Structures are given as structure tokens and as C-alpha cells.
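*Asks:* Chains as they are written, first to last, in the working numbering: chain A, 1 to 144; chain B, 1 to 372.
DEER-style ranges, computed between Cβ atoms: (1) B:77 / A:36: 29 to 35 Å; (2) B:28 / A:19: 22 to 28 Å; (3) B:65 / A:93: 38 to 44 Å; (4) B:186 / A:86: 28 to 34 Å; (5) A:13 / B:15: 45 to 51 Å.
Note that these hints are calculated values from the structure, not bench results.
Here the structure is a predicted model, which means the values were calculated and not measured.
Idealized CB from N, CA, C, for every residue including glycine.
Single-letter residue listing:
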Amino acid sequence: MNLLHHIKHTRAKQKRKQPIKRDVFNQICSLVKQYDLKESFLSVLDNVEDDLSGENLKFNRVKLKAPMESSLFSLATKDEYSLTMSIIDKVNNSYLKFAHSPEEILLCGPLYRLNPTLGPEKLMRYHFETLFLHERAKANHMKT
Amino acid sequence: MRQLLNSDLELFVESDFIYLPLLFDPEIEKETQALLQSGRAVENSGETESKIIVKIKDIHFIKTLSLHSLLKNYEEINAYSYKHLRNACLQKYHLTREVDSIFFGETLNTILFQVMPYFVRKNRGLQRKNLSDEEILDFVGEKIHIPGRYYKEAETFGDLQPLQAILKGLEDEKPIYKPPVNGLFTGRKLREWLHEAVHANVLASEQKRIAETLKVREQFSQAKPKHIAILLYLADTGSLEIDGFGFTRKNGYKGEYFVYKRVGEFVLKDYYARSYLFPACRVAVSTYTPFRPFVMEKYKHPFLLRHKSGQEICMQHFAPPNEFTAENAIRILEEGLTALRYGYNARRRNGYHSLDRTWVYIPTIDFEDYRI
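Build out the structure end to end from the sequences listed, making use of the hints.
*Replies:* Okay, here's the thing in C-alpha cells:
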């Protein structure tokens, strides 16, 4: 490729529309606003491991992922912002930006610990609870 | 902005600027921290020092609109609200166009004090006496019911002190409104201040009018409150009817009226002496050109071209006057009334249509349904 072609190629690439990347702040901030989450949600997030350790979670039927339209640019009040940042800091994993409900935020950490290599397609398509039960069943099967 | 001012959101006001609660995202937080750390949150803008971001009670506020600019351009920003506020303010001090028309305008005075006495029965028995203006107002007061609120308004109308104070303030070039004190405000409280400031601005723009109004009101200070109440009622409603004579304000025309006289049912005869009963109607003249008589209702008559409302009456040898005076108005109404009732000649079948069907009958307007 000569220089002229190279310049043309890079310019065409620059002009091409870039898809907006999923931003974890926008996603979580939208959820905080939509579900009107409060500080108490953080304590629920702390105790999520205890709830999942017992038989609280049973596979009854496949849970569907809640459809969600997060805003492109979220702006939050001081309280909403600090809660959003606290959630992001607490969970701190790459699955968080695929959460579509507070329930999925709670399952983010446990799911990541079970399998940190899930692809974005799966995370976008399936509810985290379904994925979590699947991964847990897989782990139990491996043990036996 | 409208939503902000109608909300209970807490705003901060400092040196004529509205500061709104700052909304965050990670980028904004970084910028805010950088600004606060470097001390650039304080900038020198002209003479006064104003900050871009202030922190009050652990809440960050960001500088947004200038109150002065908001007030100056309020008419463009929110035309509907400005018009509403302006009307409310002018009505509060009776500075409306309608009140002006009755206290300054010649037209309504002409109709009320010169044309109306000609058509209404003023005296009892065989007395024949010209009434003074005050007597005419007494007569109107006897004939129509004036709601109580106009009497209350007449009292406030007579109180010249508020307007005198406003005018004195304007002449002394005092600031027309007080800027709000620096500090926290709710949206609604700031809206109240803004409305008061708009009122003050409206009054300042009407300085000339206030001065003129004050002069006229001083003349009326000796008038009976009852008379003022009647005039205010007429200014507000713009219409009156006594003994079949009346006037009504024209929509869309400033200070213009229709003056009318009612005609009762009347009978006309055709070529074969058959009678036709015509229904009652109003013959009117406008205070604005053309000065020709017309029928206000939907009506048909040999002298009217079609069967619809607002048709001019066809009159031969009628030269309409060029200006509206009491004499002209009376003459036009009289001619119109006479033409309708007595103008049709059955032998000549004059006018646009004939009452009876002629040999060469072209069906245009038919009067068969009026036949008795």
C-alpha cells in the first residue's frame, strides 16, 4: 500500500461512524435513576454472597433479560453520582456494564468469580441469574 | 427554564446570576476537582467577582443564567407568560386599552352620550328634556345591573396613591426593582421575584400612559363611584343594550364598535297585496368605515343580496359619510331602518329581489315561507 492509499484509508476510517461503546457509568446511573436506588442498596450488595450460599436460588424457569434503554450520556445529582460510583467500585468487574436490573448488579460479582471469561454476547442475551445457575451447576458437575 | 421556575429545586443566587445544582458524570467530576484545586473556580468578570462553581452545604452549584439578562429578554423567552403578566399588571391599575377607550376615547363617548339618547326613551310622560352626561349614566345605572365587583373596582380606581408613587419613583429614576438577596432560593420563590420584576418593568415602559391616566383620574376624582363603576363595566364588557338600542365591541379592532337598533317584526306587501311577515333583526352601523347600514343577523329581504349575516342594505341615492359623528350615526341607522320597513315598493318591485314570483322567475331568494 503506497502512502496515498494509506492516507486515504486512515481518513476513511476516521470518518466512519463509530458505535458508541457501552459505558459502565451510563448503564449503572440509568439503573440507579430508573429504580430509584438508595444507599441501602450497597448493604444488600455486601450481603449478596450470604444469600446465594444457601438454597435461596433455585432454577424454576429461564429468567428473561429485562429490556433496557440506557441514555447515551447520564448526568446524576450528587447523591445518585456517589451511589453509582460506590456500586462501580464495589463490584469492579467487566460484567457490570451488561447488567439490566438491580438484581443483575447483585449477581455480577458471584458470576464473575464463577467464570470470568463469559463473552459479551452471552452477557447481553441471558439473565445473570440463568448464567449464574448454569455456571454453578457446571462447577458442581466438575467436582462430582 | 419554565420547569426550573415551577419546581421546588433549590437554586443559589449570587451577584445577579442563577446557580443551579451541578449534575455529575466522571468527566465533570474530574473537571470540578481540577477547577476547585487550581482555584480557577473564581474568575474575574468585569468589575464584580463571580465564581463558576460554588459549594454551599456540601452541594455544588454551577453558574448559569444572568437574572438581569433573563428579565431583559423575558418577552422573547416566554412570550405567552409575559403577555399574561403584562395584562394582569395593566388590569391591576386599570391601564388597559378598554379603560383608555372609555376615559380617553371619543367613539364610545359619542355613542353613549350623543347617539344613545336619541334612540332610548329617557323621560316619563310628556317631558322632553335633554339629559346631561351624569343623568345619562344614572339612566344607564337604572336600566342595567352592574355586578358588585365593579363598585369595588371603582373605589380602587379612585385611589390615586399607588400610581402616584410609581410615577414619582420613575421620575426620580429609582431602580425599578430590587435585585434578589444573595443566597438559596426555591424555584417558586425566584419565580415570584421574577414576576414582580416583570411587573415593575411593564409599569416603567408605561410611564407616559400612567402620567396621562393620572391626569384623567384626577378629573374623575369628583365623579360618583357609581358612575365610575358603570364606565368600568362598559369598558370591560364593551357592550350595552337599552330599549332595543345597543352597541357591541368589534373583535380584532381597537376601540371600534357596532352600533345597532332593533327592528321588530314587520309586514310588507307584494304586487298582489299579499302580506309577508319579516322577523325581527338588528340594523347596525360600524364606527369604522364603511359607514353604511347593515343587518347583523342572517336575514333575507328584497334589499339584501343574499341570505346571510352582515349584509349591507341596498339603498338608492344614499351617500355614506366620511367620518363617524353622532349625527351621521343617527342618520345612517334611521335610513337603514326606514329602508327595511318602508322602502320596498310592491308596484316597482325595487331592490335585488321581488316578494312575488315574476313571469321570468329565476329562483334566488324566495319569500314564500314569510307569507301570511
